[in-house]
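For the protein sequence lines, the chains are A and B, in the order given. Each step along the first sequence adds one to the number in my numbering, with nothing skipped, and position 56 is 68. Each step along the second sequence adds one to the number in my numbering, with nothing skipped, and position 96 is 376.
Honestly, the hints are just simulated from the structure, not real lab data. Careful: at least some of the hints might be erroneous.
[Claimed, not checked] Below, computed lysine to aspartate or glutamate pairings styled on EDC-like, alpha-carbon distance capped at 16 Å: (1) B:Lys524 / B:Asp555; (2) A:Lys115 / A:Asp23; (3) A:Lys115 / B:Asp462; (4) A:Lys115 / A:Asp25; (5) A:Lys115 / A:Asp19; (6) B:Lys488 / B:Asp508; (7) A:Lys115 / B:Asp590; (8) B:Lys521 / B:Glu503; (9) A:Lys115 / B:Asp603.
Only a predicted model underlies this, so the values are computations on that prediction, with no experimental measurement involved.
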Amino acid sequence: MIWIVEDNSFDRDIYEMVLAIDDIVYFHSGEAAWESLQEHGCAGIDLVVTDDRLAGMMGLELIGKIRATPGGERVPVCIVAAPLSPEDRAKARGLGVAAVLEKPYTLAGWESIADRLLELRRSHD
Amino acid sequence: MTAARSGQVDRAGESQNEVAPHLEDVIKSKLRFLVVEDEPGDVSILRSVLDKALGSEGYQLDAAQDRRAARAAMETNRFDVVFLDYDLGSESGFVFLRDLHKGDFSAPVIILTGKGAEEIAVEALRLGASDYLTKAELDASTLTRSLLRILTVASLRRAQYMAEARLAAAARGSQDAIVTKDLSGNILSWNLAAQHMFGWSAEEMLGKNITKIVPADKQEEWEQLMADVARGYTVSKPRTKRRKRDGAIIDVQLTVNPILDNDGVVVGAVGVTHDIGPMIALEQGLATRQQQLEIDNLLLKEFGHVVAHDLREPVRALMVRLDHLSQTSDDVDVREAMAAATRLRTMLDGFEVMAGLQQAGEVRELDIAEIVQDVLDGLSQQAAARGAEFEVGALPHMWGDPAQVYTILQNLIGNAIKYGGDPPRVAVTGRAAGGVGEIRIRDNGGGIPAPYRERIFQPFQRGAHFGDASGTGLGLFVASVMALRQGGHVRLEETSPEGSTFLLELPLP
């Protein structure tokens with residue numbers, strides 16, 4: 013199961029198109045993802061993909077909460093966002109984020125993102 | 281006073297330390313004497329003695345028979361020494377001597393007396409005569425000795441007067457308050473600038489204590505300062521405070537020097553006070569301005585961030601959709617829309633660079649040939665549209681952020697296609713030299729006119745002469761900033777009507 017936390021509906025459509033898999037769970041906000049995490053824990057999550065700049069809780073904050081959840085210490089997490097500032101990049105490294113990927117401008121770019129995400133999930137299995 | 285006389289004064293001033301000065305050392309020009317004498321015989325005797333002492337060409341002697349003639353002569357001429365007969369027939373020479381010192385006649389006077397007139401001599405000296413000579417004993421050596429002494433003293437006085445006048449003039453003309461005081465702080469002099477700065481006149485302050493202008497919280501500093509000055513030190517206070525007559529406190533810079541007497545003992549102090557109020561006001565103005573600039577800068581940066589980030593999302597969405605469309609359609613409108621969106625995105629990249637958001641990412645060893653090939657692939661449509669021809673030489677591996685190096689080369693090669701000749705011929709060559717990798721991009725365009733050679737690297741400075749309005753005005757700016765962030769450079773190496781060469785330098789691995 014891949015969790016995708018993204019408040020931009022266009023980007024969700026893109027994920028759906030390029031990933032072409034069924035076990036994707038979308039969250040519209042960091043808070044929604046956090047609620048699910050509290051209720052159901054981390055079981056079954058193969059990969060979390062989050063934008064950084066979300067309307068409420070920011071991506072990095074959500075990742076911090078995942079890491080603090082029992083079983084969440086080793087869940088692979090990937091940020092797909094606009095370029096991060098050097099400080100945020102350092103924070104992401106500190107949280108053990110597997111990859112920080114820039115949102116691409118082309119479909120080909122998105123396809124390579126999809127390849128990368130599926131690869132990350134595989135390496136977790 | 282003539283120039284010759286002032287020369288004489290200075291010469292005498294210099295000779296004051298000599299052990300036995302000679303008359304010639306003191307006198308450099310012809311001396312002029314006046315003798316006030318009613319006996320023509322006595323005038324002749326004086327003349328013959330002067331001849332012996334100075335030579336007949338060494339002096340000029342005017343004679344006056346009485347007081348009135350003497351006064352007239354002295355009003356129109358300047359005499360170095362006046363010989364005055366004590367016994368001027370009906371009147372005493374003393375009356376004249378007394379008159380002389382009431383007026384503004386400063387020539388030294390030698391009294392000529394008869395024999396056995398010691399009391400007269402004492403009285404004459406008391407009345408201001410410089411010397412007395414007995415007519416009967418008048419000879420060349422006595423006269424020489426007397427003249428030497430009198431003229432030396434006169435020139436020393438003159439030199440001292442001049443020095444004082446110069447100092448006073450300097451103090452008068454100074455913008456700084458110059459105040460002298462004794463060691464207890466009693467004011468001895470107070471210049472015009474001090475009057476303007478503190479509001480008290482010299483008359484009001486002479487003899488008063490300097491502590492009158494020292495604010496209460498600076499009294500201790502003042503006492504410490506004067507103690508140091510009394511030990512012979514010069515003390516400076518770059519920033520202290522003084523009190524004006526109206527009670528206002530002003531910021532001043534103060535330097536106090538000790539005044540030494542002939543034996544080197546400190547007898548007083550001279551303080552020079554500079555009003556630094558205007559300077560401080562200027563400094564404060566600058567500090568306020570700087571603060572404002574920092575705030576403006578932060579706001580601009582924040583603005584840049586918002587623009588770059590928030591515009592990026594819709595532009596990205598637009599581009600991905602157009603990309604999608606272009607895969608199923610060959611519509612020229614779609615292609616044009618894609619080109620416009622790409623320009624928009626390049627501008628956003630430029631904004632980000634300007635706002636300092638986009639730092640150099642992770643740098644690593646790069647196969648530049650591979651990147652150049654990627655760039656050429658990406659530019660293949662533009663290249664085909666213009667029929668561009670490429671010639672790519674051997675390129676070194678270099679050190680950098682792959683995405684940024686890609687952007688730099690895309691800019692440089694894209695420009696070479698856009699601004700090249702018809703058809704564009706673009707040569708990409710490389711070499712490694714002294715730890716630095718060099719990539720040259722040469723085009724066959726018409727060259728860049730001198731006024732634009734630097735401007736093309738500034739943001740939004742695209743020259744109208746380039747004809748093509750499709751650029752963003754940021755390409756070279758972005759490329760040069762990115763290169764700098766990776767320890768390299770982008771510059772225009774050479775340009776002529778046959779073409780231009782741009783150089784990208786990056787560190788070697």
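Right, here's what the structure says about each hint:
no. : hint                : verdict
1   : B:Lys524 / B:Asp555 : holds (12 Å)
2   : A:Lys115 / A:Asp23  : holds (9 Å)
3   : A:Lys115 / B:Asp462 : violated (82 Å)
4   : A:Lys115 / A:Asp25  : holds (14 Å)
5   : A:Lys115 / A:Asp19  : holds (14 Å)
6   : B:Lys488 / B:Asp508 : violated (21 Å)
7   : A:Lys115 / B:Asp590 : holds (13 Å)
8   : B:Lys521 / B:Glu503 : holds (14 Å)
9   : A:Lys115 / B:Asp603 : holds (15 Å)
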